[in-house]
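Novice: Sequences listed follow chains A and B, in order.
Mapping of the first sequence onto the numbering used here: residues 6 to 481, in sequence order.
Mapping of the second sequence onto the numbering used here: residues 331 to 669, in sequence order.
Take these hints with a grain of salt, some might be off.
What the hints assert, rightly or not - Straight-line C-alpha distance at most 20 Å; calculated EDC-like pairs for lysine to aspartate or glutamate:
id: 1; chain 1: A; residue 1: K108; chain 2: A; residue 2: E178
id: 2; chain 1: A; residue 1: K315; chain 2: A; residue 2: E31
id: 3; chain 1: A; residue 1: K108; chain 2: B; residue 2: D606
id: 4; chain 1: B; residue 1: K667; chain 2: B; residue 2: D560
id: 5; chain 1: A; residue 1: K108; chain 2: B; residue 2: E607
id: 6; chain 1: B; residue 1: K491; chain 2: B; residue 2: D418
For the record, the hints were derived by calculation from the structure and aren't laboratory data.
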Amino acid sequence: MTNHDIELMAHLMRRAGFGATRDEIERYAAQGYDATVDMLMDTSQSDGIQIDLIRRYHPDHSGGLGMAGFGAFWLHRMINSQTPLVEKVALFWHGVFATGYAKLAQGKVLMDQIQMFRDHGFGDLRTLLVELSRDPSMIIWLDNNDNHNGAINENYGRELLELFSMGVGNYTEDDVKEASRAFTGWTVGNTEYMKLKADNDSLWPYGRLNLHFEFRDYDHDQGEITFLGHTGTFNGEDIVDIICDQQATARFIARHMYSFFVADEPPVPSWPYTPPRDAEALDIMSEAYFNGGCTIKPMLDTMFRSDFFKSESVWYEKVKSPAELVAGVLRLTGEHRSYSPAIQEDANAMGLMGQTLVNPPSVEGWHWGDEWIDTGNLVERINFASEHFSKDFTAGIADTVDADITARGGSVQPHELVDTCLDHMGAIRITETSRKSLIEHVARDGDVKLNGGGSGRSRIAEMVQLIGATPEFQKG
Amino acid sequence: MTTVTKSGILTYDRTLGVAAMDARGFYYAVALAFRSDGRLFVQGRSHDGDTRGARITVMDYDSGYYGDFGSYGSGDGQFTWPTDIALDSEGNVYVTDEYLQRVSVFDSDVNFVKKWGTQGSEEGMINGPSGIECDADDNLLIVDHNNNRIQKFTRDGIFLKSFGSEGTAEGQFNLPWGLRVAPDGQIYVADWRNDRIQRFTSDGEFVAAYGESGDGEGQLYRPASVEIDDAGYMYIADWGNERVQVFDPDGGFVQLLKGQATTSQWAQEFLDANLDENRARSESDLEQYHLLTTDDPHEVASQIETIFWSPISVRFDSEGRLFVLERNRHRIQVYAKSM
């Protein structure tokens with residue numbers, strides 16, 4: 006296999022997962038690119054997550070009182086899942102259908118929503134949007150519990166069109182109102198009590214009480230509805246059917262998908278005024294959507310096998326989100342393969358970098374891209390990578406670098422140290438200028454010798470830390 | 331099926347406790363134990379994202395509250411991942427901590443006395459201490475769960491003996507959790523990942539195993555705790571199935587409990603002081619089974635408040651009432667025996 010094969014596989018694993026070690030990349034490259042995409046897309050595989058153990062050791066990953074425990078629970082899955090694309094797709098939909106803890110005051114119902122994304126995130130969009138519309142956390146988050154026959158609350162109907170499926174400019178204000186009428190009566194059981202407990206952030210008397218969907222026929226608008234040129238006595242499912250058939254929906258989802266998996270796009274509010282980075286790519290993905298019967302999986306499959314995805318022009322063109330960065334670092338260091346309280350601190354670090362999972366800043370979700378690396382966040386990101394790459398030199402990536410150099414006689418020249426570390430950290434390609442700077446830094450102290458003492462090992466650790474601070478590592 | 335036996339059947343009596351991050355109440359409580367005077371010691375574990383609830387709450391059957399002690403941390407008298415609690419004949423309190431790999435000891439006035447334990451796999455070392463029991467001689471039996479064995483120590487932590495190893499054969503374990511010394515001195519272990527209860531003589535000789543994997547009557551999924559009555563009936567916290575089962579001394583199925591919680595005294599006092607929630611709650615249906623879209627016991631229990639959610643510890647009081655501690659509901663459901 007060529008070096009390009011290795012680097013391309015590293016690119017795929019950064020985007021379709023949370024990165025991979027050199028050994029994993031070589032293994033996947035040996036089986037071939039298409040076979041690896043097949044493997045990643047195979048959602049029937051076990052993820053290997055030991056849910057019984059998680060629930061035994063981490064009470065809140067079971068009981069779901071708050072959002073802190075949920076962040077650690079999801080981080081554990083990102084690090085340990087044998088189906089990383091499933092977690093990545095769940096993270097993708099969490100960004101699109103951003104639902105926040107602030108109005109819910111419980112973690113369990115949000116854990117359930119993310120599980121729904123795992124279950125339906127690759128399937129047909131109709132099912133996903135119907136499940137989303139029935140999702141109790143979404144109902145409370147966007148006030149559909151206040152959407153009544155004769156007194157509509159348009160919050161969910163509007164966001165369904167504006168942020169979740171079609172985008173501004175592809176529907177009218179009347180369509181928003183009519184869609185909202187179709188979702189009247191879609192609420193949660195024990196609405197008043199559940200909403201009051203959420204508003205009061207009440208865990209009394211017996212903890213949080215998980216929510217469930219309730220359709221109230223008596224509160225559903227049975228009148229004639231006209232939506233996007235279609236007229237009938239529509240329920241929410243009918244609205245979703247019409248939405249899924251729209252060209253605008255296919256392109257909107259495709260643009261979201263391109264921005265998440267291929268290269269950063271500007272924030273959604275600017276999309277009506279800013280052309281996409283690669284309109285042809287959106288055409289290809291939209292075609293795959295319709296050819297697959299309005300299904301997500303063919304879009305992903307087509308995207309990962311496309312020239313626009315494989316192109317070197319999009320490598321390192323995405324700033325890793327805090328979740329991707331943290332999970333990626335911890336996969337490399339080998340931490341949290343078992344169970345300990347320490348995972349909570351690392352989950353909290355995502356928040357310090359600007360992304361507390363299930364607590365987005367608004368329904369618009371997080372603004373991905375360069376906004377992840379404002380000055381304060383960048384310091385947190387670099388410190389996190391540096392701390393973890395240096396703190397346990399007996400495990401994970403540092404161990405494999407050490408073993409590689411040992412196999413070469415225990416001594417390497419400065420450029421060999423730099424290249425070896427880049428290689429083991431996921432076949433990272435950095436600019437020649439950056440590489441030269443790193444080599445010069447190492448060369449100040451001469452060749453690196455693993456002579457049984459600590460100096461050689463600490464120089465390796467230092468190099469791994471420095472690479473963790475490079476733009477290429479912070480991107481992906 | 332419920333069979334009236336010489337041990338009687340269990341009928342719901344009352345609910346105790348309330349969720350609370352500190353003081354009166356529980357926050358992800360994981361174990362309970364009785365003192366000879368009837369006082370109930372409830373070990374709160376809390377969770378990694380909010381550690382305030384790691385403490386031992388002292389109360390009684392009548393909802394009397396007698397304070398709490400201990401806190402989260404790694405210092406003397408503190409817990410990180412507390413797992414079980416036991417009291418000896420003098421009222422000294424022993425707490426296992428599966429993260430700190432130690433046993434913390436408090437005297438009968440709940441003052442911290444000492445801690446002991448060394449992580450490892452050699453005899454006398456421990457790796458993930460979970461269940462703890464005091465036998466009739468005031469020695470301590472500890473489930474050394476990551477080493478898949480039971481170890482016996484003096485109260486001062488001096489190793490006496492051990493039995494068990496990793497596996498599925500008789501006398502072997504897969505991440506065992508709770509244990510109980512029966513009135514006749516035999517030892518019952520909740521062999522958690524083997525989905526069975528194992529019985530041993532007081533010397534650690536295998537006697538019998540009960541249960542098999544599944545969710546039917548007589549089947550178990552990840553049992554966490556077991557209690558034994560004078561007649562040898564087993565009362566099992568069938569944790570993964572979110573229920574309690576009663577087996578006869580030969581392992582035959584006798585009774586299934588799913589939970590039927592009502593408002594505890596402490597819960598009622600909260601509701602009396604929060605009238606808006608009290609009113610909304612009283613107008614709600616807390617058993618909306620018709621709206622469920624799942625039959626996964628964990629998910630059902632998260633949505634139906636009256637039933638068990640994470641039943642984790644079962645113990646009789648001196649009156650023969652069975653106390654079922656639910657970790658995820660922060661309460662205890664009490665069942666009385668009736669013939």
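Novice: Verify the proposed pairing of K108(A) with D606(B), using a straight-line Cα cut of 20 Å.
Specialist: Holds, at roughly 18 Å.
Novice: Hinted pair, alpha-carbon criterion (20 Å max): K315(A), E31(A). Please report holds or violated.
Specialist: Roughly 17 Å separates the two Cα atoms, so the pair holds.
Novice: K108(A) and E178(A) were given as a pair; does the straight-line alpha-carbon distance stay at or below 20 Å?
Specialist: violated (26 Å)
Novice: Is K491(B) close enough to D418(B), meaning Cα to Cα at most 20 Å?
Specialist: Satisfied, since the Cα-Cα distance of roughly 19 Å is no more than 20 Å.
Novice: With a cut-off of 20 Å on the C-alpha distance, tell me whether K108(A) and E607(B) pass.
Specialist: Between K108(A) and E607(B) the Cα gap is close to 17 Å, so the pair holds against 20 Å.
Novice: Hey, K667(B) versus D560(B), does the alpha-carbon distance stay inside 20 Å?
Specialist: Measuring from Cα to Cα gives roughly 13 Å; hence the hint holds.
In summary, the structure is inconsistent with hint 1 from the numbered list given earlier, while agreeing with all the others.
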